[in-house]
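Colleague: Here is what each chain is made of, one letter per residue.
Protein chains: 2
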Amino acid sequence: MTEAVDSSRFCSVGLLTTECYDDVGNFISQAEEAGHDFVVSPLTHPIFRRVLNENKQVEKQTHANWKDRPVFDRNDLVFKSAEWSTRAMGLVANWIQLDSTDSEIRLCSEIALRQEIDWTCHISLSGLILPALPKGSLYNTARVINDAVKSMTYTQFAVRVPLLEKSNIQGNVSWKQWNRFRTLTEHNTKIHVALEITSELPSDEKLLNLWLAEPVKTVIVPGEIFVSNSKGYPVLPKPHQRFIQKLMDKMKPDIVVTVPPTQLHKMATPSSYSEYINYLNRHLPPLNEVEQFAAGYHDYLQAPLQPLMDNLENQTYEVFEKDPIKYQQYEKAVYQALLDRVEPNSDYVTTIMVVGAGRGPLVNCCLRASEKSERKVHIYALEKNHNAFVTLQNAKADIWGDRVTLVFADMRKWSPPSQCDILVSELLGSFGDNELSPECLDGAQKFIKEDGISIPASYTAFASPLASTRLHNNVAAYKDLEHFETPYVVMFQQVCELASPEPLWTFAHPNKQDIPDRGDPLNNLHNKRYSHVEFKVKHDMVMHGIAGYFESVLYKDVMISIHPKTHSPGMFSWFPIYFPLRTPVQVPQNATVSFDFWRLTDDKKVWYEWTASVHGSHGEEMTVLPIHNVNGRSYWVGL
Amino acid sequence: MTEAVDSSRFCSVGLLTTECYDDVGNFISQAEEAGHDFVVSPLTHPIFRRVLNENKQVEKQTHANWKDRPVFDRNDLVFKSAEWSTRAMGLVANWIQLDSTDSEIRLCSEIALRQEIDWTCHISLSGLILPALPKGSLYNTARVINDAVKSMTYTQFAVRVPLLEKSNIQGNVSWKQWNRFRTLTEHNTKIHVALEITSELPSDEKLLNLWLAEPVKTVIVPGEIFVSNSKGYPVLPKPHQRFIQKLMDKMKPDIVVTVPPTQLHKMATPSSYSEYINYLNRHLPPLNEVEQFAAGYHDYLQAPLQPLMDNLENQTYEVFEKDPIKYQQYEKAVYQALLDRVEPNSDYVTTIMVVGAGRGPLVNCCLRASEKSERKVHIYALEKNHNAFVTLQNAKADIWGDRVTLVFADMRKWSPPSQCDILVSELLGSFGDNELSPECLDGAQKFIKEDGISIPASYTAFASPLASTRLHNNVAAYKDLEHFETPYVVMFQQVCELASPEPLWTFAHPNKQDIPDRGDPLNNLHNKRYSHVEFKVKHDMVMHGIAGYFESVLYKDVMISIHPKTHSPGMFSWFPIYFPLRTPVQVPQNATVSFDFWRLTDDKKVWYEWTASVHGSHGEEMTVLPIHNVNGRSYWVGL
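Protein chains in written order, with full-length UniProt numbering: chain Z, 1 to 639; chain F, 1 to 639.
Do not rely on the hints blindly, as some may be mistaken.
[Said to hold, decoys possible] Here are the simulated BS3-like cross-link-like pairs (lysine-lysine), alpha carbons at most 27 Å apart as the crow flies:
#: 1; chain 1: F; residue 1: 605; chain 2: Z; residue 2: 528
#: 2; chain 1: F; residue 1: 322; chain 2: F; residue 2: 396
#: 3; chain 1: F; residue 1: 332; chain 2: Z; residue 2: 60
#: 4; chain 1: Z; residue 1: 536; chain 2: Z; residue 2: 512
#: 5; chain 1: F; residue 1: 512; chain 2: F; residue 2: 176
#: 6; chain 1: Z; residue 1: 67; chain 2: F; residue 2: 332
#: 7; chain 1: Z; residue 1: 528; chain 2: F; residue 2: 150
#: 8; chain 1: Z; residue 1: 446; chain 2: F; residue 2: 60
#: 9; chain 1: Z; residue 1: 446; chain 2: Z; residue 2: 605
#: 10; chain 1: F; residue 1: 536; chain 2: F; residue 2: 332
#: 11; chain 1: Z; residue 1: 150; chain 2: F; residue 2: 446
#: 12; chain 1: Z; residue 1: 67; chain 2: F; residue 2: 60
Bear in mind the hints are in silico, worked out from the structure with no lab data behind them.
On a predicted model such as this, the values are computed, not experimentally measured, just so you know.
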């Protein structure tokens, strides 16, 4: 077995020191010799602290001059020039107190921080890390940093946040403090997290996973949290390994280690810690088929298809026909139905209508099911896309022959010469009904015999509350209401689900109750839906949007699903759907999140409206959001 | 004493019935004969309820046809034509259940409501009132109404809300239900409140006053809540009178009475109730000077003055010079200072410099103070506005003579020939320092002798949390971030303060600590300020913004103030200042609201940043808003 590193999974490993070296070049050389890709070091020497003037030791006019026109003495600086900039990140001076109760210290801290940021950008260090958020009030810290980072283009700014505070290993105060900070700074896209792994991990995995929804760009792994293996080499406990590998997989962060100043692990060399990190990165679990397919699509917002209004392109068919699972399931469903409906050795010819045949994959499924079940079938293949219809003609001429009759028509308008036993369609979207399968099948329902069936037989939409700074910022980047009221098809990566999905509504076919006369439905009112669902959330979280999924019963126990708990393994045709919320919603521990979701319709279109609310642990109402996408103003699907 | 009705205070009084009259024209005529200006009546007869089809009594196809193309039978309608439209409002059918758990009833209710709204608009009734919000869930009610009212242009839509629920006379569930509804509908400006006065009033006045911040357009006063006076006529108890008069004064609503079906008050006629309302309206307290001055400015958003960057117009001086109180206080301050500083009968000539003399009112104050105190003065009148300077020249030529020396200069740049004993300025804005008094007086400080003084001696900015749907909607109408990050000068009317103002910061002059050498200050860092203030809020409320005020010590105990509790009586030169919040903030009972407020500055400008947060009664963090106006991006005052 080779250990070739997948280049997309390369991980840069740095060495962090809090020592202020006089000769930082020498330190960098040594770190590189020991196998590190870069270093993290204080930007300035402790002598720079004089500018706080805590003991009034600085001459008054000198100090006043510094405040007016702050300038470094070259001896203040650890990084005195741009010489090492690509190989180093800086640490902000740890004595800077932007939320001091002393207004003079606050002011001088602000000037000093801006001076450090300015110098960092000047010499183009690749990053700058704030050593910690203040424990108490952080309003002024948020205000200063929110403004100061706007000048940072190349250099990345991060705030060091420990996974657990030593004083509070049961709770998640460090996340809460970070959350407060980024709320004040309005999810500023220039502020990242440098997440410090601690020797204790939170007991509940949710408290680890919530970091997947945060902008973690750097992970700090102190040498002190390593343990010795039986041979005396430093290794990480299994839970730490798993979490760091998950971060590597989802967040692709830089990793920063420290080397303990005293020999904690008998066989450790200065290289051991970074080597171990590289080892973990080389041994990430291999990508499965879906992951391979999804590469490049992670957290990318795609507008959902509008297959009724737009004709799909050949390439789109090409991609979806490659799904290894979906057509297996369709074949199985048709096969089971044929076995159930027709006696062995019968001469009965089952009429199957494939509505929306595309380039023919479902026709092939039906033909294979017919052969395998040894039941005779005749297939009508209906398609409205004139381009795809040419491909169908080719298939009929070359392969299918008389077993298949081609029909160029919109299923909502065609009058069939006779009725069918089985209606087969693949009209589902990520949310089940969002590509208007209900409306299409309403039109096709009159094709079905009195005892006929539809494959799929039913489909159900699911929703769950989701946190994702990345998705929120991707939507916010458009700076308009419209994009906050549009659902997107998204392969989730840097997300955290706050609770398991709950079902919203189901459509079943044929629908004999609402379309009793087998004619065209009078209107679309029967396809309106409304659902209120609730979720218990155990920990403090933030909610950015709603994740949507579907489950579909094709026939009896033959299902396809993208619901995380029942996902058809290996099926990649559908990514989840994401409904944004216009403002991030704070969810305190033990709160109840509820969604009110509508599927609405008029003569020309179908759309969703949604809102979310939060009730505290005592039932008190905490947040109610305005109803999103009123009357489909921002997003709709054309009929 | 005449009882002439001030035309601006005219109040329209209507008669409400829940009876469905076959001949509504006759009912209207009778109501008018009894002195009512209009009527409120159900729009449809109870027979229309058949469309809910609760007992499946309607033939299936008929019902399906109605759902598809809803049409009234003329016998369904109380208002069968547009004949009475200007003299009537309609009541929505009380059997409409938009949040029924039965999806069919929900759907038919929606169709019926839209049908009623459509008819109401067609016949141009002046208003349509929803009889009540549902007690439980109201998500679908909110969704339907939010969309349905968009077609209403002339006709006003209101939701009837009782002051107190009979079942909950201690709490404010009816306000909370309304609040939930309008949050879901995002403060929809087409949805108003028809506030029903109840026989019990909330014990705490705050629970009454919070309605002043709501869009109350109609007030319903049921005949049943009247009591009989000693002569047997129906009157209202004192607290009811006060509250209704307050509503008349602030909200200018239509008032709607009902006449009890049985004779509750011995001497009552059908006219008695409306006559009493008209009586209350005629006996509103007369407007005081400030109120008269403010007429037409209520809740109107004015951009604060930028007196450093822009020259004031003559008209602006004209208005402000008419303030009956402000110059009295200045005169008193100068008079006291002269008495304190100079022995009687002394020949000492006190040098007074009036910086920013405008058209000269402060010069006149000083001259009057001199005469009254029998102390000699010489006055320098400094002005940078070349237009105002002409008026000063006129005054010197015509009146002042040698007692006054005119100087055409910017106080930040002038070099005085000698120093003064008293520096007098009127540079305050609604928030105290917001028109850059600190920066201007820094520049003028070198004019002052070692033992000299400044009038004003100090000024303090105050802030308090404020609710006002009207102000929120006025800002929201601009549909941009900038207007939500700009403070406005506003004469408050339809507002409710959630708690009393707290001081933020103070500026004192002369400022010997920060500008020790009496030269120009090196920079403006000493005029930065930061303050965190907290407010306890007793009841559930919503917060739309921050009210700002100032108090100023002119000299010793001579003050001017626009702080509501210490407001200088009759002084109209300053309206309060209003800092919007970008989203309305829910404040649950016993919560703590906190503001973090900054006054910030660079070389060219001064600006404020602000944010608000809410902590629940157990200290748990509920809401944190992003910092507003980061780096003065939306609003600043030029230096």
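Colleague: None of the hints should be skipped; say for each whether it holds.
Modeller: We went through each hint and held it up to the structure:
no. : hint          : in the structure
1   : F/605 / Z/528 : violated (55 Å)
2   : F/322 / F/396 : holds (20 Å)
3   : F/332 / Z/60  : violated (40 Å)
4   : Z/536 / Z/512 : violated (37 Å)
5   : F/512 / F/176 : violated (52 Å)
6   : Z/67 / F/332  : violated (41 Å)
7   : Z/528 / F/150 : holds (21 Å)
8   : Z/446 / F/60  : holds (20 Å)
9   : Z/446 / Z/605 : holds (22 Å)
10  : F/536 / F/332 : violated (37 Å)
11  : Z/150 / F/446 : violated (38 Å)
12  : Z/67 / F/60   : violated (83 Å)
When the structure is compared with the earlier hints, violations turn up for hints 1, 3, 4, 5, 6, 10, 11, 12 and for no others.
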